[in-house]
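Novice: Chains as they are written, first to last, in my numbering: chain A, 39 to 679; chain B, 31 to 570.
It is possible that part of the hints are untrue.
When the alpha-carbon atoms are kept at most 30 angstroms apart in a straight line, the in silico DSBU-like pairs for lysine-lysine are as follows [stated by the list, open to error]:
#1 A:313 to A:665
#2 A:77 to B:156
#3 B:156 to A:76
#4 B:467 to A:76
A few chain A residues that don't get close to chain B, going by computed Cβ distances all over 10 angstroms [stated by the list, open to error]:
#5 138
#6 178
#7 234
#8 300
#9 317
#10 441
In case anyone wonders, no lab produced these hints; they're calculated from the structure.
The structure displayed is predicted, hence computed values, not measured ones.
Cβ coordinates follow ideal geometry from the N, Cα and C atoms, glycine included.
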Amino acid sequence: MSMEHELDERTKELIANADAVEAARPEEPSLPVGEWLKKNLFSSIGSTILTIVFSLIAVFAYRGVLNFVFSEERTWDAVRVNMRALFTFAYPSSQYIRVWFVVGMACVLAGLSLGLMRSIGQGFSLKRISMWFMGWGSFIIAGILLREPSVLKDDGEVVLDDDLQVVRESFGDAMVDRGWWWFGGLLLLGIGLGLWFGLGDKRRRNTFVPAIPFGLAVIGVLISSVWWYNWGHYGTNADGLVIEPGRTVASTTQGPWTVLWFVLVIAYVVGLRLKDTERAGTFRAIVNLSWLLSPFIAYFVVLRDPDLDWDHVWSTDLPMAIGFIVLGGLMLFFLTRPGIGEIGRVIATAVLAFALFNWVAAFFGWYPMLQKARISFLLLGLFGLLAHNFAGDMRQRMRLVYGWAGLMVVLHYLITMINTAETHEAPDAFAGGFVITIFIALFTMIFAFPLGVLLALGRTSQMPIFRILSTIYIEVVRGVPFITILFFFTVFLDFFLPDGMHLAGLAAAGIGFVLFSAAYLAENVRGGLQAIRRGQYEASDAVGLTTVQRTGFIVLPQALRVSIPPLVGMVIATFKETSLLSIVGFFDFLRIANAAIPGQTEFLGVKREGLLFVSLIYFIGAYAMSKYSQRLEKQLGVGER
Amino acid sequence: MTDTAESSLVAAATERPPFYRDATVVKWLVQVVTLAVVLFALVFLASEAGDNLEAKDINTGFDFLSIDPGINVGDGIDTDPDTGGRALWVGMVNTIRLSVAGIFVATILGVVIGVARLSNNWIAAKVASVFIEYMRNIPLLVHILLFFTVLGTLGNFGRDTEPILDAAGNPLLDENGDALVEITQGPINGWIHVSNKGLSLPRVHIADGFYQWMIFILIGFFIGRYVMKQRQAQQDATGAETYPILSLLGVMAVFGIIGWFLHPIFGWVGDAIFDPIARAIPNVPEQVVQVLLSVLALGAAALWIKRFLDSRRTPAGLAKLTDDDWFRMIFAGVSAVIAAIFFLVVWPGLSSWIINSSRDFFEVAADKFGDGRGNWREDWPIDAARPDIEKRGNFANPGPAGLNFSQGFAAVFFGVVLYTAAFVAEIVRGGILAVPKGQTEAAQAVGLKRATMLRRVILPQAFRVSLPPLGNQYLNLTKNTSLAIAVGYSDIVQVGSTIFNQTGRSLEVFGIWMLFYLACSLTISAVVNFFNVRLKIVER
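Can you make the complete structure from the sequences, with help from the hints?
Specialist: Listed below in structure tokens is the structure:
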């Protein structure tokens with residue numbers, strides 16, 4: 039599905055250029071209504087015919103959707119009752135505070151990022167906002183008029199006439215019944231018209247409202263609705279799921295959502311404050327790093343509640359971590375001594391060789407060692423090789439050491455938390471619903487990114503063996519459908535592993551996602567690499583940079599900047615691709631809607647409602663991201679080259 | 031600068047650095063080590079797989095391709111295949127069918143939507159963009175499952191039936207004594223069935239008179255081509271619009287219409303031409319064919335070498351030939367000799383195979399042309415059959431007369447087509463907007479009409495820009511059909527996974543999948559590249 043992986047770099051460029059061309063068109067002067075209609079709908083006979091045809095298509099499609107959604111045959115309860123299952127699968131409700139904590143974490147980070155961000159564009163003009171209000175108001179009112187009248191019910195039973203057809207109320211009654219819809223639609227329309235005519239002056243209409251506060255306000259209005267509208271009901275008892283009409287989502291979630299909204303707003307305000315301080319760059323880096331770590335902390339630490347073996351922690355884990363931090367730090371400090379010469383390189387190579395030997399030995403069971411020690415040695419070797427780039431004064435040298443210490447703390451903490459006894463016994467027993475969709479998407483992007491960059495560098499490299507290996511890998515992966523790769527990792531992978539080695543289901547699927555996305559990502563990054571002019575390479579050679587320095591400080595920063603919009607496209611693609619988890623046996627929310635809900639006795643065979651809900655969630659996520667990437671493109675000026 | 035300093039500089043420049051600082055050595059060392067690590071990992075994993083499979087007592091090998099797989103295939107050319115290879119072949123045919131039909135429909139739909147998206151008409155542009163955003167922001171799998179579910183909620187197949195009455199008003203009975211029924215469900219008096227068994231449409235098929243009719247079309251084509259060239263020359267000379275391609279199509283259409291009624295006059299072609307050829311071919315001795323093939327190979331090589339030498343010749347005489355040129359010529363000659371030896375000695379059976387298959391070919395042709403010698407009222411070139419119904423009653427199924435889309439096929443087909451159409455529409459829009467504005471202005475300046483401008487100036491250039499991305503979309507469409515497994519439609523992935531569940535030959539099946547999809551990718555790339563190169567040449 040392959041899916042928007044489907045958009046290769048060339049396609050994206052084409053579409054981005056088209057967007058840019060359209061965006062660059064001067065805004066049309068606002069015409070009187072009559073002239074606007076004449077110009078845009080009835081300019082010629084052909085255009086009039088088109089207008090009629092497409093109006094009919096639009097009206098029938100809209101009417102069909104409305105009649106489907108509001109039909110008396112729909113059991114939207116299937117979605118409302120299962121809302122919790124759709125999002126968190128079988129997560130125990132007594133532990134639900136953890137889920138709220140994770141959402142809260144995300145809100146804090148989101149608020150801080152939004153506050154710290156350099157502003158995106160100008161925001162929305164009042165004119166546009168009032169047009170939105172008018173548009174949505176008219177849309178709702180059109181819906182009220184188009185929807186067919188509801189059926190008559192007697193004691194909950196549908197009334198049938200002599201021909202066994204349902205009896206519907208009269209048009210007039212239907213219009214009266216939809217009082218609240220009238221109220222809502224007219225309210226929106228009124229606000230829109232009020233804004234438009236209240237600001238009669240054209241200049242005031244073009245005042246800009248910043249996008250983020252406006253968005254926060256809209257979210258606030260949506261969240262406030264749980265206090266006054268009964269969105270749904272659910273409940274559980276010992277037998278499982280029951281419908282409890284009395285307990286609404288609103289009555290159990292209005293508190294958390296409201297608090298979270300305030301958290302979001304406060305974090306945003308704090309972020310705004312921090313943005314104006316001198317150290318805004320540091321804060322930005324910290325927040326970005328937290329984003330990188332948050333999926334792992336949220337999933338493995340907060341949600342899983344790891345059952346630590348404290349004896350082992352005190353006797354092995356902690357000393358080992360401290361040892362790596364201190365001894366490794368000392369070694370790196372030594373290696374960064376100016377003028378250390380060949381000895382540094384020899385030591386680093388020796389450490390690297392030792393680490394590689396350990397990895398090979400691991401497969402044959404020769405040299406038992408904790409996995410995190412193997413990883414740490416490998417990283418130590420790589421850091422050692424980079425050390426001469428940090429040779430210099432004290433501050434310069436300590437930067438590498440601090441980086442090493444931070445990396446070790448995070449790595450050892452996470453591995454200790456992940457690698458507990460319960461991981462081996464019941465891997466991912468709780469994993470399901472929207473949670474794994476999000477987790478796999480983030481996991482994939484975090485790990486596929488470095489791998490994809492490496493592959494892209496390999497494919498554009500001057501060294502033939504690297505180039506051939508990368509090319510073969512990229513082309514083979516891009517040549518086969520994703521589902522076969524996912525099958526390979528979830529079904530066949532166990533054959534390839536040595537005895538006693540086993541990858542838990544979700545980990546195997548996650549690796550499949552990473553390896554697949556990396557190939558596509560590499561092509562996007564390669565597009566960026568090719569956009570770099572020759573002069574950049576020649577200049578960096580002229581000032582005597584090494585290959586590593588040239589790549590790290592000159593080439594990649596420019597290449598990645600160009601590739602940002604396609605990379606956002608990759609995020610969307612990965613997000614959509616997580617739907618394939620449902621084919622290989624995971625209970626993501628698509629599978630729950632497609633297979634689990636129709637199996638419940640209350641909702642036997644109810645599928646369409648759930649699938650539509652899943653579509654809606656995917657649509658909101660993907661659409662928001664694609665709009666964001668369009669704004670980003672405009673800001674970066676891609677397509678205006 | 032002193033002499034010593036200078037000489038030490040010179041020494042430093044000429045002296046080779048130690049090997050671990052020599053950039054070339056280090057680069058190659060790193061590469062070779064990487065290659066060794068990759069190869070080691072692959073060999074290690076493969077040997078682990080071998081050991082594990084042996085330990086778990088799982089057989090390996092491709093013998094499952096030739097034994098009964100013990101499975102039924104839901105859809106396709108053979109629902110009860112007798113070998114595993116046949117079952118996989120059925121799956122491949124299903125995938126290819128889906129892809130080819132999908133590419134065709136998605137392109138047309140996508141172009142229409144893409145142009146609508148750019149239309150000056152406000153509502154057309156809005157409807158098109160709502161469609162595009164809806165399709166591309168939701169995963170294809172969700173679309174497919176939704177279509178599948180919606181199709182499943184349609185009415186039962188053959189639900190509304192009426193007994194067929196004879197002239198006296200009594201119901202007709204079939205051989206079992208059941209009443210024959212006619213389906214009244216579906217629009218246009220049963221010519222289309224829409225039900226939870228999928229779609230059943232009239233099948234348009236080649237009827238008896240088709241091949242004789244094709245002779246007419248062929249004659250029409252040659253005459254039409256002559257007319258087209260004449261008119262093209264006239265247009266080039268005078269500049270007046272003479273519609274050369276339209277006239278070609280017109281001539282062919284005229285011949286087609288005449289042939290529709292007159293095609294029986296070619297009824298003799300099968301007996302008089304193809305049948306004697308088919309009988310004469312087995313009399314050709316095998317040696318003649320072998321020698322002919324060898325001579326062809328050697329002659330082709332000789333011709334190539336001659337042309338190559340000609341191309342290297344300067345007006346003054348023979349040019350100097352590089353080593354590379356000599357190598358090429360020797361390579362051509364040697365391969366021709368090898369081919370000749372191959373035909374004569376290594377595989378003599380090839381010639382008898384050629385003889386047999388050409389005889390078969392002409393026999394089939396004689397057979398095809400032999401049919402339909404009756405009158406034109408009965409032997410139409412093309413006919414359509416109304417969908418029929420099998421096993422009447424509660425478990426009715428669409429019969430073989432109609433063109434049936436099973437529920438799974440319809441779900442995957444519509445899902446893939448609509449999804450890809452959204453992307454194609456975006457590409458078409460991008461292509462059109464990529465045409466520089468000056469082109470439009472220039473076209474307006476020379477006074478072209480809007481339609482002519484679109485047809486002659488904008489669309490050709492837009493097509494050139496959008497062709498490579500379109501090729502990518504076709505690849506994606508082909509790969510996306512693998513999602514059929516989610517709705518149980520028997521494409522190659524679904525059949526393959528059923529087989530490996532049955533036989534445990536997972537790695538072999540995986541290999542077949544990869545080869546199949548790589549072959550599809552290469553085919554599509556080759557076709558797209560062919561057009562791409564042609565367009566590039568025009569560009570100069």
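Novice: Would the hint linking residue 313 of chain A and residue 665 of chain A be met if the CA-CA limit is 30 angstroms?
Specialist: With a Cα-Cα distance of about 24 angstroms, the restraint between residue 313 of chain A and residue 665 of chain A holds, given a limit of 30 angstroms.
Novice: If we take the beta carbon of residue 178 of chain A, is the closest beta carbon in chain B still more than 10 angstroms away?
Specialist: Nearest chain B Cβ is 16 angstroms from residue 178 of chain A, so the label holds.
Novice: Would the non-interface assignment of residue 234 of chain A survive a Cβ cutoff of 10 angstroms against chain B?
Specialist: Given a closest Cβ separation of 19 angstroms, the condition holds.
Novice: Could you let me know if the closest chain B CB is still more than 10 angstroms away from the CB of residue 317 of chain A?
Specialist: holds, 38 angstroms
Novice: Beyond 10 angstroms from every Cβ of chain B: is that where the Cβ of residue 138 of chain A lies?
Specialist: holds, 28 angstroms
Novice: Regarding the assertion that residue 441 of chain A does not contact chain B, is the least Cβ-Cβ distance greater than 10 angstroms?
Specialist: About 24 angstroms separates residue 441 of chain A from the closest Cβ of chain B, which puts it past 10 angstroms; holds.
Novice: Can the restraint linking residue 467 of chain B and residue 76 of chain A be considered satisfied, given a maximum Cα separation of 30 angstroms?
Specialist: holds, 25 angstroms
Novice: CA of residue 156 of chain B to CA of residue 76 of chain A, is that 30 angstroms or under?
Specialist: Distance of about 17 angstroms is within 30 angstroms: holds.
Novice: Take a quick look at residue 300 of chain A and tell me if its Cβ sits farther than 10 angstroms from every Cβ on chain B, holds or violated.
Specialist: holds, 30 angstroms
Novice: For the pair we were handed, residue 77 of chain A and residue 156 of chain B, check the Cα-Cα distance against 30 angstroms.
Specialist: holds, 15 angstroms
In summary, the structure agrees with every hint in the numbered list given earlier.
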